[in-house]
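Engineer: Each chain, letter by letter, is given below.
There are 2 protein chains.
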Amino acid sequence: MAKDFSISMLLDFYGELLTQKQRDFLEYYYNDDLSLAEISANEGITRQGVRDAIKRAETQLRLLENRLSLLQRFDDMREGLTRIINCAKIVHEQNLRCGLSTEINEAAAQITATAETLLDD
Amino acid sequence: MAKDFSISMLLDFYGELLTQKQRDFLEYYYNDDLSLAEISANEGITRQGVRDAIKRAETQLRLLENRLSLLQRFDDMREGLTRIINCAKIVHEQNLRCGLSTEINEAAAQITATAETLLDD
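Chains as they are written, first to last, in this note's numbering: chain G, 1 to 121; chain Z, 1 to 121.
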């Protein structure tokens, strides 16, 4: 079974709506990069049992995103913030080259800092 | 019962996890501004029945936000975008006053447009 790394993002968004067990399994598998066999050995259940539990939890996360589209909304935000950072870079460089306005410099720096903070959250 | 208008936002975020009936009632009450008596008359159930259904749906929405905090994340995004728009305004005005760089002007306009589009979504 191929690892679908968008699951990590979905888990971050909707994980609290899964059971603790489902969350644990997905975290072992996606965030801690354990194999099915390793999780199976640690948890004392069959490899197939782990696989089924993970598949079911993944399906639930995808259904939640299909209904709510909140990860999609955030992705759009993140894309826009990246464009904003690029524009602020142009302002900064252009101001260095021809303007040297302290106010423009500070405002551009604040735009970049704000957008980067939002992207990190 | 006092109308809590943050419910409209929660409904926009998590409404798809409620039943169609719950969604309808909240929409009548919060988005269409009908009274409990009006919804009761339209739906042919008691005023108390409407009230209870709305209260239960509201509780579910609040529980979802308590667990997922996705509306809070979006509010933080929106606050940051508003700060970015203010900074882009400073860049624009300062550039008009002392620089008149076309590149700075265009980049500032693009920052504003991008942030405003994200706020409108």
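Note that these hints are calculated values from the structure, not bench results.
Here the structure is a predicted model, which is why all the values come from computation and not from measurement.
By construction, the Cβ of each residue, glycine as well, lies at the ideal position given by its N, Cα and C atoms.
Do not rely on the hints blindly, as some may be mistaken.
[Claimed, not checked] Taking CB as the label site, the calculated pair distances span:
(1) G:51 x Z:62: 48 to 54 angstroms
(2) G:20 x Z:102: 56 to 62 angstroms
(3) G:20 x Z:119: 22 to 28 angstroms
(4) G:8 x Z:72: 55 to 61 angstroms
(5) G:51 x Z:38: 37 to 43 angstroms
(6) G:35 x Z:16: 32 to 38 angstroms
(7) G:31 x Z:109: 55 to 61 angstroms
(8) Z:27 x G:119: 41 to 47 angstroms
(9) Z:42 x G:37: 23 to 29 angstroms
(10) Z:62 x G:82: 28 to 34 angstroms
(11) Z:55 x G:66: 26 to 32 angstroms
(12) Z:121 x G:66: 16 to 22 angstroms
(13) Z:3 x G:20: 34 to 40 angstroms
Engineer: Now tell me, hint by hint, if it's right for this structure.
Structural biologist: How the hints compare with the structure:
Distance hint check: the CB atoms of residue 51 (chain G) and residue 62 (chain Z) are about 36 angstroms apart, inconsistent with the given range 48 to 54 angstroms. For residue 20 (chain G) and residue 102 (chain Z), the hinted distance range of 56 to 62 angstroms is satisfied, since their beta carbons lie about 57 angstroms from each other. About 36 angstroms separates the C-beta atoms of residue 20 (chain G) and residue 119 (chain Z), a value inconsistent with the hinted range of 22 to 28 angstroms. At roughly 21 angstroms, the beta-carbon separation of residue 8 (chain G) and residue 72 (chain Z) lies outside the given 55 to 61 angstroms, and the hint is violated.
Here the CB-CB span from residue 51 (chain G) to residue 38 (chain Z) is close to 53 angstroms, at odds with the stated 37 to 43 angstroms. Take residue 35 (chain G) and residue 16 (chain Z): their Cβ atoms lie about 35 angstroms apart, and the range 32 to 38 angstroms holds. Our hint of 55 to 61 angstroms for residue 31 (chain G) and residue 109 (chain Z) is violated, since their Cβ atoms are close to 41 angstroms apart. Checked against the hint of 41 to 47 angstroms, the pair residue 27 (chain Z) and residue 119 (chain G) fails, with Cβ atoms roughly 34 angstroms apart.
Between residue 42 (chain Z) and residue 37 (chain G) the Cβ separation comes to about 59 angstroms, which falls outside the hinted range of 23 to 29 angstroms. The hinted range of 28 to 34 angstroms is satisfied by residue 62 (chain Z) and residue 82 (chain G), whose Cβ atoms lie roughly 33 angstroms apart. Take residue 55 (chain Z) and residue 66 (chain G): their Cβ atoms lie about 28 angstroms apart, and the range 26 to 32 angstroms holds. Between residue 121 (chain Z) and residue 66 (chain G) the beta carbons are some 19 angstroms apart, a value that agrees with the proposed interval 16 to 22 angstroms.
Roughly 36 angstroms separates the CB atoms of residue 3 (chain Z) and residue 20 (chain G), a value that falls within the hinted 34 to 40 angstroms.
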